[in-house]
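First to last, the protein sequences are chains W and C. Using the numbering used here, you'd call the opening residue of the first sequence number 13 and step up by one each time. Using the numbering used here, you'd call the opening residue of the second sequence number 286 and step up by one each time.
A portion of the hints provided could be inaccurate.
Label pairs and their calculated CB-CB ranges [claimed, not checked]:
1) W:18 - C:562: 21 to 31 Å
2) W:27 - C:695: 31 to 41 Å
3) C:321 - W:411: 20 to 30 Å
In short, the hints are calculated from the structure, not lab data. In this text, all values refer to a predicted model and were calculated from it rather than measured experimentally. We put the beta carbon where it would ideally sit given N, CA and C, even for glycine.
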Amino acid sequence: MLRVVGATSAEELYAQMIPDHLLFKGQMDLPEALPAEHDLKKHVAEILSKNRTCSDTLSFLGGGCWNHFVPQVCDEIAHRSEFLTAYTGGYYSDLGRFQANWEFQSLICELVGMEVSGIPTYDWGSAAGNAVRMASRLTGRREVLVPAGMSPARLSVIANFCNPTEMPGAIKIKKIAYDKEMGTLDLTDLRKKINSKSACVYFENPGYLGVIEDQGEEIAEIAHNAGAEVVVGVDPISLGVLSPPSEYGADIVCGEVQPLGVHMTAGGGLAGFISSRDEERYVAEYPLRLVSVTNTVKEGEYAFGQAKYERTSYMAREKAKDWVGTTTALHGIIAAVYMSLLGPEGMREVGEAILQKSHYAAGKLEEIKRVETDFPSFFKEFPLNIAATGKKVAQVNRTLLKRGIFGGKDISREFPELGQSALTCVTEVHSKADIDRFAEELEAILK
Amino acid sequence: MTDPKVRPYHATVWSELLIHELGREGERGVIIPAVEDEIRKSVGKPESLVPKKMRRKIKPGLPELSQPQVLRHWLHLSQMTLGMEGDIDLGVGTCTMKYSPKVNEELAAMINGVHPDQPEESMQGLLELVWRFGNVYLKEISGMDAFTFQPPGGSAGAFNNAAIMRKYHELNGELKQRDEIITTIFSHPCDAACPATAGFKVITLYPDEETGHPSVDALKAAVSERTAGIFVTNPEDTGIFNEHIDEWTGIVHEAGGLCAYDQANLNSLMGVTRAREAGFDMSFFNLHKTFSSPHGSSGPGSGAVGVIKELEELLPIPIIVKRGEKYHLDYDRPKSIGRVRDFLGNLQVVVRSYAWAVAMGADGLREAAEVSMINNQYLSEKMKEVPGVTKPYGGKRLDQVRWSLEKLKKDTGCGINDVNRRVIDYGVQSFFTSHHPWIVVEPFTPEPCETYSKADIDYWVAVLKRVCEEAYENPKTLKEAPHNSSIHMVNAAPFDDPKKWAMSWRAYRRKMK
Chain W
13 MLRVVGATSA EELYAQMIPD HLLFKGQMDL PEALPAEHDL KKHVAEILSK NRTCSDTLSF
73 LGGGCWNHFV PQVCDEIAHR SEFLTAYTGG YYSDLGRFQA NWEFQSLICE LVGMEVSGIP
133 TYDWGSAAGN AVRMASRLTG RREVLVPAGM SPARLSVIAN FCNPTEMPGA IKIKKIAYDK
193 EMGTLDLTDL RKKINSKSAC VYFENPGYLG VIEDQGEEIA EIAHNAGAEV VVGVDPISLG
253 VLSPPSEYGA DIVCGEVQPL GVHMTAGGGL AGFISSRDEE RYVAEYPLRL VSVTNTVKEG
313 EYAFGQAKYE RTSYMAREKA KDWVGTTTAL HGIIAAVYMS LLGPEGMREV GEAILQKSHY
373 AAGKLEEIKR VETDFPSFFK EFPLNIAATG KKVAQVNRTL LKRGIFGGKD ISREFPELGQ
433 SALTCVTEVH SKADIDRFAE ELEAILK
Chain C
286 MTDPKVRPYH ATVWSELLIH ELGREGERGV IIPAVEDEIR KSVGKPESLV PKKMRRKIKP
346 GLPELSQPQV LRHWLHLSQM TLGMEGDIDL GVGTCTMKYS PKVNEELAAM INGVHPDQPE
406 ESMQGLLELV WRFGNVYLKE ISGMDAFTFQ PPGGSAGAFN NAAIMRKYHE LNGELKQRDE
466 IITTIFSHPC DAACPATAGF KVITLYPDEE TGHPSVDALK AAVSERTAGI FVTNPEDTGI
526 FNEHIDEWTG IVHEAGGLCA YDQANLNSLM GVTRAREAGF DMSFFNLHKT FSSPHGSSGP
586 GSGAVGVIKE LEELLPIPII VKRGEKYHLD YDRPKSIGRV RDFLGNLQVV VRSYAWAVAM
646 GADGLREAAE VSMINNQYLS EKMKEVPGVT KPYGGKRLDQ VRWSLEKLKK DTGCGINDVN
706 RRVIDYGVQS FFTSHHPWIV VEPFTPEPCE TYSKADIDYW VAVLKRVCEE AYENPKTLKE
766 APHNSSIHMV NAAPFDDPKK WAMSWRAYRR KMK
């Protein structure tokens with residue numbers, strides 16, 4: 013090949029393109045290579061086997077990344093070479109990928125009760141950030157109201173989308189207090205803070221603290237009366253049992269795809285979706301790639317392609333609706349497989365299992381002296397308050413770890429007003445024996 | 286040297302139905318873990334646990350299928366996806382469609398069950414691996430000092446860097462004044478879109494007709510006391526290396542701005558030239574390109590970011606730090622930009638890239654760069670045999686070339702879109718054209734990275750040559766293509782028609798009725 017190009021070495025060619033003073037001289041200082049698969053596997057496995065996982069340790073961690081069961085068929089499809097390695101092929105050569113993307117949209121739309129969605133973005137926080145910016149552009153307003161009880165990490169992602177206040181296009185974030193008894197949004201505070209500058213009210217179902225927000229209709233009415241959009245973030249695994257946001261006034265829905273068959277992978281399993289009604293003005297504001305179905309010259313053939321593509325940053329650069337890039341298409345495909353495996357009854361059953369097991373756990377844990385849960389109406393997660401025992405969550409979790417248990421996430425710094433609380437997550441994967449064991453160990457530690 | 290014989294191909298045709306058209310009521314693909322009777326008795330009916338207003342009344346309209354049916358449907362869809370591994374995918378330039386060793390999938394799966402909020406002591410292995418990939422490998426390759434893997438894609442890396450720039454000027458009390466970002470038109474669109482989303486005005490520099498990149502004078506004219514920084518790729522999408530790049534970064538620094546390098550693709554530069562010596566303050570690296578993690582049908586990827594020491598404290602939280610032999614997650618960083626994504630990023634992608642880099646070592650990484658560069662020189666020579674193809678701008682290119690079919694279009698009426706519909710008839714993935722606007726007319730951008738052999742390149746060129754010859758002999762063949770695809774000519778009209786587009790089954794059903 014060098015002969016064909018008329019050169020004797022790579023150095024000679026590089027020297028024709030890169031100035032000498034920018035060339036890296038000598039060899040990079042890196043560990044010895046392990047080109048043999050066997051040696052490499054041994055090396056990496058040795059490092060990674062130092063980890064514990066939620067398979068070998070009983071885990072009650074959630075808070076934005078959750079331990080749910082992953083059907084084998086999800087893994088099977090996730091490992092298909094075609095889906096795993098495809099990228100930007102066209103809608104003929106990658107027809108199946110386009111249909112898979114479209115079916116993700118179709119299936120998630122059934123859960124949330126909307127008609128438009130796109131290829132998912134990075135995570136719930138990014139989806140919420142995009143949704144808030146969509147609402148701001150739709151209304152021409154620059155304030156967003158968010159629940160004070162939301163995940164501080166997710167809020168930080170949104171804040172980066174909203175820009176620092178000293179920038180001209182910044183969107184100001186205002187927090188709405190939550191009801192101390194119920195954990196739901198404090199409507200008095202909402203009414204006080206909403207005004208003609210409010211682009212949207214953002215709330216979640218269930219929220220970060222697990223609370224089921226049952227005032228959706230009232231919130232939507234307050235928001236709409238003020239000319240603001242209603243953006244609702246959801247955990248879609250709840251939607252076999254919880255009302256879809258479309259039924260209580262949501263204009264834009266967003267949320268996290270990971271619970272639907274995607275492994276946690278240390279948080280690498282996340283994917284955020286956005287959904288809305290099929291109105292042109294909403295569609296025009298999406299940053300995501302939106303796949304539409306169409307037909308071909310041959311009767312009866314389905315085909316797919318990207319709708320209103322000129323909105324995207326690939327076409328419009330800085331004039332685009334935010335930006336789009338390589339996001340989480342594979343996680344969307346996995347979630348589509350999950351939804352098609354479960355169907356409506358499976359989604360109801362998994363939701364019911366989570367409700368029953370998490371409520372059983374809350375009840376069981378509350379039997380421990382001076383331990384209480386903060387809010388009565390929740391799905392999957394609840395803050396477990398041990399303040400009255402005089403112990404600290406961090407210290408208790410360290411002891412639990414020694415006994416093979418990951419206790420709930422310590423939220424005493426995120427929510428000091430909840431005292432020493434652990435955000436405790438119970439899903440369909442927990443058995444009664446798991447929950448009872450946790451309660452016993454915790455009781456012994458708190459004695 | 287004779288051309289390899291172009292072999293016949295036909296894509297899989299399943300005429301697959303939509304999933305909503307499959308199955309029947311009562312079918313199920315998977316059973317949910319059991320809820321024990323004691324639990325049922327103890328908590329009562331599940332609906333009693335949901336506030337009345339929030340109980341779902343109408344079942345979601347999901348299809349009902351048995352497990353074999355579900356599997357069959359999704360297998361059919363995968364089989365109607367050419368993907369990357371099944372063909373010679375060197376036409377998708379800027380994307381570095383390199384092979385991802387299969388062993389890395391198994392290694393990545395080792396962290397499937399890890400929760401990101403596990404106690405540090407229970408994930409020392411993962412923290413060590415991620416730390417080593419940044420602080421040993423990327424550090425040596427780029428010369429940057431500190432790393433984050435939170436940005437979950439290349440564009441997210443660019444956004445992360447825009448947020449760092451924002452924070453830097455905010456801390457210096459200059460954010461109000463410094464509201465402009467400079468980029469170049471042949472840099473990826475994210476280098477314009479992400480700073481814009483982050484609140485900056487964007488100035489775009491256009492290439493000099495001769496050199497193919499903007500001149501030093503063009504940059505000087507754009508820089509002012511309002512400059513927050515620059516976002517550029519080098520080599521740009523054209524494959525042209527801006528040999529004045531250190532002068533560029535010097536000019537921007539002189540004006541008080543920062544320099545962000547888009548190294549989404551640094552494939553031809555590993556061990557050859559580094560971000561640090563070029564004067565950059567930060568850079569992002571697409572681990573799903575240069576570092577071999579598979580593209581996943583468009584993610585999950587990783588836009589790993591490296592910054593110079595002076596910017597380390599602005600990185601998103603948490604940062605993995607090593608103290609003694611232990612690895613910690615440091616959240617206590619008051620000057621941090623906060624977060625650009627929840628948790629630590631797509632760490633399964635980092636595991637794969639680490640494994641790839643370890644397998645390669647210093648010599649292997651340099652060799653990959655050299656082979657990708659030499660492959661591109663060889664492809665450029667071979668391209669001379671293809672009628673209708675021209676190479677805008679002079680000079681040698683590193684990893685890729687943005688070619689033009691302007692001549693073919695003029696001579697035959699067939700442009701890149703026609704060629705792209707025809708090459709797939711030979712089992713070759715359609716090419717990446719160019720981001721918009723199309724400065725190069727009728728563009729396409731192949732990138733023959735180190736994955737592809739001489740025989741692969743020869744075959745790929747033979748296919749392109751055949752297609753271009755067809756354009757001269759009988760343009761109708763291209764105009765009516767594809768002929769051997771899973772489907773026939775697509776009706777694209779609905780994609781921009783609000784009355785006809787349908788982004789879901791629900792919308793489709795409503796509109797078709």
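* **In rising order, the numbers of the hints this structure does not comply with** => Per hint list: zero violations.
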